[in-house]
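Asks: Sequence:
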Amino acid sequence: MLMQKSNTEYLSYHQRMYEPKKIKGTLVPFGYKKSEDDPKTVIPIPEQLDVLQEAIQLHKKGQSLQKCVDYIFSKTKRKITRQGFYKIVNKNNIKKKARESAREQLDYQRDRVLKAKRELDKERSKLHNKNKKIRDLDIVLEGKSKTVIDTKEIEEASPTIQKAFEEKDIIFQANAGPQSDFLASSEREVFYGGARGGGKSYAMLVDPLRYCDKQHHRALLIRRTMPELRDLINHSQQLYSKAYPGAKWREQEKEWRFPSGARIEFGYAENLTDALRYQGQSYTWIGIDELPQYPTPDIYNFLRSSLRSVDPAIPVYMRATGNPGNVGSLWVKEMFVDPCEANQRFEVEIPTPMGVKSISRKFIPAKLQDNPYLMQTDDYYAMLASLPEVQKKQFLEGDWDAYESSSFPEFSRQVHVIEPFDIPRNWMRFRAADWGYSSPACCLWFAVDYDNNLFVYRELYTKRNTADIFARKVLDMEDGEYIRYGILDSSTWARRGDIGPSIAETMIQEGCRWRQSDRSPRSRIAGKVEVHKRLRIDEDTGYPSMFIFNNCLNLIRTLPMLPVDKNNPEDVDTTADDHAYDALRYGCMSRPIHPVSQRGNDFLTSTERQDSAPADSIFGY
Numbered sequence: 001m002l003m004q005k006s007n008t009e010y011l012s013y014h015q016r017m018y019e020p021k022k023i024k025g026t027l028v029p030f031g032y033k034k035s036e037d038d039p040k041t042v043i044p045i046p047e048q049l050d051v052l053q054e055a056i057q058l059h060k061k062g063q064s065l066q067k068c069v070d071y072i073f074s075k076t077k078r079k080i081t082r083q084g085f086y087k088i089v090n091k092n093n094i095k096k097k098a099r100e101s102a103r104e105q106l107d108y109q110r111d112r113v114l115k116a117k118r119e120l121d122k123e124r125s126k127l128h129n130k131n132k133k134i135r136d137l138d139i140v141l142e143g144k145s146k147t148v149i150d151t152k153e154i155e156e157a158s159p160t161i162q163k164a165f166e167e168k169d170i171i172f173q174a175n176a177g178p179q180s181d182f183l184a185s186s187e188r189e190v191f192y193g194g195a196r197g198g199g200k201s202y203a204m205l206v207d208p209l210r211y212c213d214k215q216h217h218r219a220l221l222i223r224r225t226m227p228e229l230r231d232l233i234n235h236s237q238q239l240y241s242k243a244y245p246g247a248k249w250r251e252q253e254k255e256w257r258f259p260s261g262a263r264i265e266f267g268y269a270e271n272l273t274d275a276l277r278y279q280g281q282s283y284t285w286i287g288i289d290e291l292p293q294y295p296t297p298d299i300y301n302f303l304r305s306s307l308r309s310v311d312p313a314i315p316v317y318m319r320a321t322g323n324p325g326n327v328g329s330l331w332v333k334e335m336f337v338d339p340c341e342a343n344q345r346f347e348v349e350i351p352t353p354m355g356v357k358s359i360s361r362k363f364i365p366a367k368l369q370d371n372p373y374l375m376q377t378d379d380y381y382a383m384l385a386s387l388p389e390v391q392k393k394q395f396l397e398g399d400w401d402a403y404e405s406s407s408f409p410e411f412s413r414q415v416h417v418i419e420p421f422d423i424p425r426n427w428m429r430f431r432a433a434d435w436g437y438s439s440p441a442c443c444l445w446f447a448v449d450y451d452n453n454l455f456v457y458r459e460l461y462t463k464r465n466t467a468d469i470f471a472r473k474v475l476d477m478e479d480g481e482y483i484r485y486g487i488l489d490s491s492t493w494a495r496r497g498d499i500g501p502s503i504a505e506t507m508i509q510e511g512c513r514w515r516q517s518d519r520s521p522r523s524r525i526a527g528k529v530e531v532h533k534r535l536r537i538d539e540d541t542g543y544p545s546m547f548i549f550n551n552c553l554n555l556i557r558t559l560p561m562l563p564v565d566k567n568n569p570e571d572v573d574t575t576a577d578d579h580a581y582d583a584l585r586y587g588c589m590s591r592p593i594h595p596v597s598q599r600g601n602d603f604l605t606s607t608e609r610q611d612s613a614p615a616d617s618i619f620g621y
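Numbering (the working numbering), first residue to last: 1 to 621.
Among these hints, one or two may not hold up.
Said to hold, decoys possible - In silico PhoX-like pairs for lysine-lysine, Cα to Cα no more than 25 angstroms straight-line:
(1) Lys22 / Lys60
(2) Lys40 / Lys61
(3) Lys22 / Lys61
(4) Lys357 / Lys367
(5) Lys473 / Lys463
(6) Lys122 / Lys33
(7) Lys24 / Lys40
(8) Lys61 / Lys79
Said to hold, decoys possible - Computed Cβ-Cβ distance ranges for the label pairs, DEER-style:
(9) Pro29 / Gly542: 28 to 36 angstroms
(10) Pro521 / Ile418: 31 to 39 angstroms
(11) Asp476 / Asp573: 28 to 36 angstroms
(12) Arg112 / Leu276: 49 to 57 angstroms
(13) Leu65 / Lys392: 48 to 56 angstroms
These are calculated hints, taken from the structure and not from any lab test.
For every residue, glycine included, the Cβ atom is placed at its ideal position computed from N, Cα and C.
Please construct the entire structure, taking both the sequences and the accompanying hints into account.
Replies: So this is what it looks like as structure tokens:
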């Protein structure tokens with residue numbers, strides 16, 4: 001930007017503007033005239049260029065493109081379009097983007113070379129693993145090693161080996177899909193959760209068997225109470241002794257002991273005091289069945305500290321299962337469901353006494369349809385389908401965004417959250433923000449398609465940023481975009497003492513222009529209604545009129561769990577994390593689905609509306 005140049009750079013740039021220059025076409029740039037000697041040369045008109053520089057400075061102070069263009073015409077009587085003026089203002093940005101594009105192209109070519117090398121290494125690793133799997137299968141067929149085999153390994157083997165396994169008794173075969181994915185997962189921590197009846201608990205019984213042929217393997221399977229644990233023990237007695245004929249159940253210790261020396265212990269932990277029984281113990285595998293029954297992550301984190309292995313051949317695993325709708329659903333959702341797409345590996349940083357450690361996690365969703373045995377009977381499905389709407393979403397569909405007291409039960413991650421795409425340049429764009437310093441500040445960017453559908457395509461979610469810093473962050477994120485307008489919480493126009501600009505004016509001074517949000521009576525209720533309208537699925541089209549890009553993590557996280565105000569059921573609970581919602585509400589209100597009148601929709605462009613009038617001349621609209 002011009003204002004960011006040093007004095008030397010500015011003079012050099014200014015001098016170049018006042019020098020004759022060559023043109024390629026016939027169009028004469030603003031501030032120049034054709035040379036009489038050479039039609040391909042244009043000569044500067046200093047008076048017009050001076051006015052152009054004045055207009056550029058006015059735009060940087062917050063004046064709109066239209067006002068700057070009008071100012072130029074009033075001084076020079078020469079017309080210039082808003083688009084033409086916009087290109088002049090952003091000339092340096094265009095050159096910068098061209099350089100960046102060249103660098104990106106070079107980086108792209110380098111990435112292709114590196115990708116080819118990685119693919120080669122991957123194929124070599126696959127060949128090595130395939131040979132190792134064949135050797136392992138041969139050992140199993142000979143009865144010398146493990147009896148837990150991934151069915152995928154058999155499918156990839158030769159027809160001879162496949163036939164040999166067909167002739168052997170199969171104690172347990174995982175269902176295709178999530179259950180198989182769970183048992184094959186290599187991530188350190190995996191949560192397998194969702195609808196009831198998906199086969200989660202049975203998968204938890206099978207998973208610790210994978211290393212029972214090794215002496216130092218020790219597993220711990222936890223339930224919240226002893227009666228709940230008894231059901232798992234009964235199922236293990238039907239499975240473990242068949243899988244490992246030499247395995248013995250020791251009732252007093254509540255553990256299985258295998259011929260190799262491996263152990264699987266069954267325990268319960270209703271509270272942190274119960275969990276202290278396992279302090280100082282070492283486990284290579286820990287599983288917690290029905291994890292969301294715990295109101296806090298304390299027990300999970302405490303047990304996780306007991307994961308350690310003395311055998312390099314035995315990795316350590318933490319496994320958990322559960323359903324939405326329990327008391328701990330929120331923290332489980334934030335730990336496993338929200339950070340990444342389902343079935344995708346992600347890394348998290350965990351502070352330890354030895355420093356920050358990175359561990360891998362994965363969330364595997366479960367649905368009733370994953371269990372063919374229960375789906376063969378209509379009774380269980382019909383029972384879940386007959387439940388109230390929220391419980392049906394939780395127990396039948398495994399929807400982690402369904403809450404009993406949610407302000408927006410219409411919201412569905414599967415329906416409203418979409419993959420980002422390149423937004424057409426001719427779609428109108430605007431932004432809306434809720435500002436705070438101690439509390440989070442959130443800015444959302446919207447795009448409007450030809451059918452007035454809204455697409456929330458970007459999010460800024462910060463805390464403890466002053467107004468000027470927040471404004472600069474907003475401008476940086478939308479650099480190069482034409483943002484039609486911005487809506488900001490009307491409370492930010494309040495004066496701070498007798499002197500000094502308001503929060504909004506501070507932002508506008510940085511070049512970040514805003515209009516006030518609607519502050520009329522019952523505007524909060526009206527805004528909530530507009531959000532409901534946008535989220536609701538149209539009966540004719542089968543689609544809502546608002547979609548959210550999956551990179552808007554905080555909006556997606558907070559919107560479904562925003563509770564209803566107990567004292568005012570028409571509004572949300574303002575003590576909750578409603579900052580992203582407020583920004584969403586401001587944006588939806590500026591683009592009502594059914595405006596009261598045409599004039600009511602003129603909120604976008606009118607400078608006459610009193611409820612969006614500037615606090616002073618610096619407002620810029």
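Asks: Does each hint fit the structure? Answer for all of them.
Replies: Now the hints, each set against the structure:
The hinted pair formed by Lys22 and Lys60 fails the criterion: a straight-line CA distance of about 28 angstroms is larger than 25 angstroms. At roughly 35 angstroms between alpha-carbon atoms, Lys40 and Lys61 are farther apart than 25 angstroms, so this suggested pair is violated. A hinted pair counts as satisfied when its Cα atoms are at most 25 angstroms apart, and Lys22 with Lys61 does not qualify at roughly 32 angstroms. For the given pair, Lys357 sits about 33 angstroms from Lys367 by alpha-carbon distance, which is inconsistent with the 25 angstroms threshold.
Straight-line distance between C-alpha atoms of Lys473 and Lys463 comes to about 12 angstroms, which keeps the hinted pair within the 25 angstroms bound. Restraint check for Lys122 and Lys33: the C-alpha separation of about 63 angstroms exceeds 25 angstroms, so the hint is violated. Our distance criterion of 25 angstroms between C-alpha atoms is met by Lys24 and Lys40, whose separation comes to about 7 angstroms. As the CA atoms of Lys61 and Lys79 are separated by approximately 22 angstroms, the hinted pair is consistent with the 25 angstroms bound.
The given range of 28 to 36 angstroms is broken by Pro29 and Gly542, whose C-beta atoms sit roughly 51 angstroms from each other. The beta-carbon spacing between Pro521 and Ile418, approximately 35 angstroms, falls within the hinted interval of 31 to 39 angstroms. Between Asp476 and Asp573 the C-beta distance comes to about 33 angstroms, which sits within the given range of 28 to 36 angstroms. Between Arg112 and Leu276 the Cβ separation comes to about 54 angstroms, which falls inside the hinted range of 49 to 57 angstroms.
Our hint of 48 to 56 angstroms for Leu65 and Lys392 holds, since their Cβ atoms are close to 52 angstroms apart.
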